[in-house]
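The residues making up each chain are set out below.
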Amino acid sequence: DGGITQSPKYLFRKEGQNVTLSCEQNLNHDAMYWYRQDPGQGLRLIYYSQIVNDFQKGDIAEGYSVSREKKESFPLTVTSAQKNPTAFYLCASSRGGWETQYFGPGTRLLVL
Amino acid sequence: AQTVTQSQPEMSVQEAETVTLSCTYDTSESDYYLFWYKQPPSRQMILVIRQEAYKQQNATENRFSVNFQKAAKSFSLKISDSQLGDAAMYFCAYRSEGPGTSYGKLTFGQGTILTVHP
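As they're listed, the protein sequences go chains A and B.
For the first sequence, the residue numbers in my numbering are 12 to 123.
For the second sequence, the residue numbers in my numbering are 795 to 912.
The shape of chain B in the complex, shown without the other chains (with noise of 0.2 Å):
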């Protein structure tokens, strides 16, 4: 079965400032992507960036980006310019692609606790 560990269960930011938020993953899988969502204390869960394992590069989405590492098993979410609104609880996941997997199931990593400091 499938694991994600994040093991940072808090971590904190100045306003501006750049944080880096880490995840590792345990598979046998070649084909899988990888996400991470956002809680912020509404607690609706929001997509930041997904990552699928068969690309090279880094996915990026604005002030988002990843650093995905598939023989390290790592995958690192970076915030540049934090924002005050980034502060939540960050979630790491993983999905299966290949055949006979649960259809669509996602695995959760713990979270990690992002407080930004103005």
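One chain only, chain A, in its complex shape (with noise of 0.2 Å):
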């Protein structure tokens, strides 16, 4: 099947630690995006990524890095210093920045 996956589906964080979500695609999709959706709010673009081995931060990239080394792995990393890390987080992927962007089912993280 084609399509989006996210790992894991839940995720704990302790104080000081990093961590890393998970995003692969079997679409042979260009460009990925990571965004973040808090409780009763809609979704915030973190980083995205045209092309392997490019990325750029969106709106809230402070305290997050990714790679793209392959083109169909988009991992997200969350560091230390993102103090507010408990969201529910979304990885997408689209053709080209132009086409429309397909979701995974998400990873929820949460801080212990």
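These are calculated hints, taken from the structure and not from any lab test.
Note that this is a predicted model, so its numbers are computed, not measured.
Glycine included, each C-beta is placed from N, C-alpha and C at the ideal position.
Certain hints may be false.
[Stated by the list, open to error] Below, a list of computed lysine to any residue pairs in the SDA-like style, where the Cα atoms sit at most 25 Å apart: (1) Lys899(B) with Ser822(B); (2) Lys81(A) with Gly107(A); (3) Lys68(A) with Ser816(B); (4) Lys82(A) with Leu123(A); (5) Lys849(B) with Asp825(B); (6) Lys82(A) with Gly51(A); (7) Lys899(B) with Gly27(A); (8) Lys20(A) with Arg844(B); (9) Lys94(A) with Ser18(A); (10) Lys899(B) with Glu26(A); (11) Lys68(A) with Gln796(B); (12) Lys872(B) with Gly51(A); (13) Lys899(B) with Gln28(A); (14) Lys864(B) with Thr111(A); (15) Lys82(A) with Pro50(A); (16) Lys68(A) with Lys872(B); (17) Lys899(B) with Thr111(A); (18) Lys867(B) with Lys82(A); (19) Lys82(A) with Asn39(A); (20) Lys20(A) with Leu841(B); (21) Lys899(B) with Asn39(A); (22) Lys864(B) with Asn29(A); (23) Lys849(B) with Tyr113(A); (24) Lys899(B) with Phe23(A); (25) Lys849(B) with Ala810(B); (26) Lys899(B) with Ala810(B); (27) Lys864(B) with Pro834(B).
[Said to hold, decoys possible] Covered stretches of chain A (chain B as the covering partner; in silico rule of three or more C-beta atoms under 8 Å from a C-beta of chain B): (28) 49-61; (29) 100-111.
[Claimed, not checked] One-sided excerpt, in silico: chain A residues whose CB lies under 10 Å from chain B: (30) Phe23; (31) Tyr46; (32) Gly69; (33) Gly115; (34) Pro116; (35) Gly117.
Starting from two chains that each stand alone, build the complex the way the hints lay out.
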């Protein structure tokens, strides 16, 4: 089946710890995105990547980092610098920036 | 910067009835796309419908249709013959198409929770 997978479904972070959220797609899409959703709010863009080995900051990139070493993978690291990481994280991909974005099932990050 | 506003935090509808969700946006651009996404309890975002700003004809997808008023910067979603499976949070989203814009960035509204009563 073609689609976008995110893992894990739930993730717990301890104080001062970096954690990495996985996003994989087998749709052969060039562009990938990370969004953050807080309760009762819409999504906000963290980072996006147009193509392999290239990525750009979105609106709320502070405390996050990404890599794009493979076309199908776009992992997001939540660093200890992110003081309020509790949120729902959604990954999306599209054939190009001007194409419709399709979303993965999301990862819920909680702080212990 | 573009903003998207959904003024109805919650809406409800009886099964088989029609409901309209409101969305307004603010932009100085002429080229853009508008979207409605659905987020059911599973929390996966599902594309419902999209509208190109240059098209005057309103988009339709089965029971879902939009009323796009470009001059008024309004983009409402109409759901006809509502079904229990339509219960979800609905998000309106904007995407720029012009040069110099963040590549493919979607700007979302705050969402509207739709409840469908049997």
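Hint check:
no. : hint                     : result
1   : Lys899(B) with Ser822(B) : holds, 16 Å
2   : Lys81(A) with Gly107(A)  : holds, 16 Å
3   : Lys68(A) with Ser816(B)  : violated, 30 Å
4   : Lys82(A) with Leu123(A)  : violated, 33 Å
5   : Lys849(B) with Asp825(B) : holds, 10 Å
6   : Lys82(A) with Gly51(A)   : violated, 32 Å
7   : Lys899(B) with Gly27(A)  : violated, 30 Å
8   : Lys20(A) with Arg844(B)  : violated, 28 Å
9   : Lys94(A) with Ser18(A)   : holds, 22 Å
10  : Lys899(B) with Glu26(A)  : violated, 31 Å
11  : Lys68(A) with Gln796(B)  : holds, 17 Å
12  : Lys872(B) with Gly51(A)  : holds, 22 Å
13  : Lys899(B) with Gln28(A)  : violated, 29 Å
14  : Lys864(B) with Thr111(A) : holds, 20 Å
15  : Lys82(A) with Pro50(A)   : violated, 31 Å
16  : Lys68(A) with Lys872(B)  : violated, 35 Å
17  : Lys899(B) with Thr111(A) : holds, 11 Å
18  : Lys867(B) with Lys82(A)  : violated, 36 Å
19  : Lys82(A) with Asn39(A)   : holds, 7 Å
20  : Lys20(A) with Leu841(B)  : holds, 21 Å
21  : Lys899(B) with Asn39(A)  : holds, 19 Å
22  : Lys864(B) with Asn29(A)  : violated, 45 Å
23  : Lys849(B) with Tyr113(A) : holds, 22 Å
24  : Lys899(B) with Phe23(A)  : violated, 28 Å
25  : Lys849(B) with Ala810(B) : violated, 30 Å
26  : Lys899(B) with Ala810(B) : violated, 35 Å
27  : Lys864(B) with Pro834(B) : violated, 28 Å
28  : 49-61                    : holds (count 8)
29  : 100-111                  : holds (count 8)
30  : Phe23                    : violated, 18 Å
31  : Tyr46                    : holds, 8 Å
32  : Gly69                    : holds, 7 Å
33  : Gly115                   : holds, 7 Å
34  : Pro116                   : holds, 5 Å
35  : Gly117                   : holds, 5 Å
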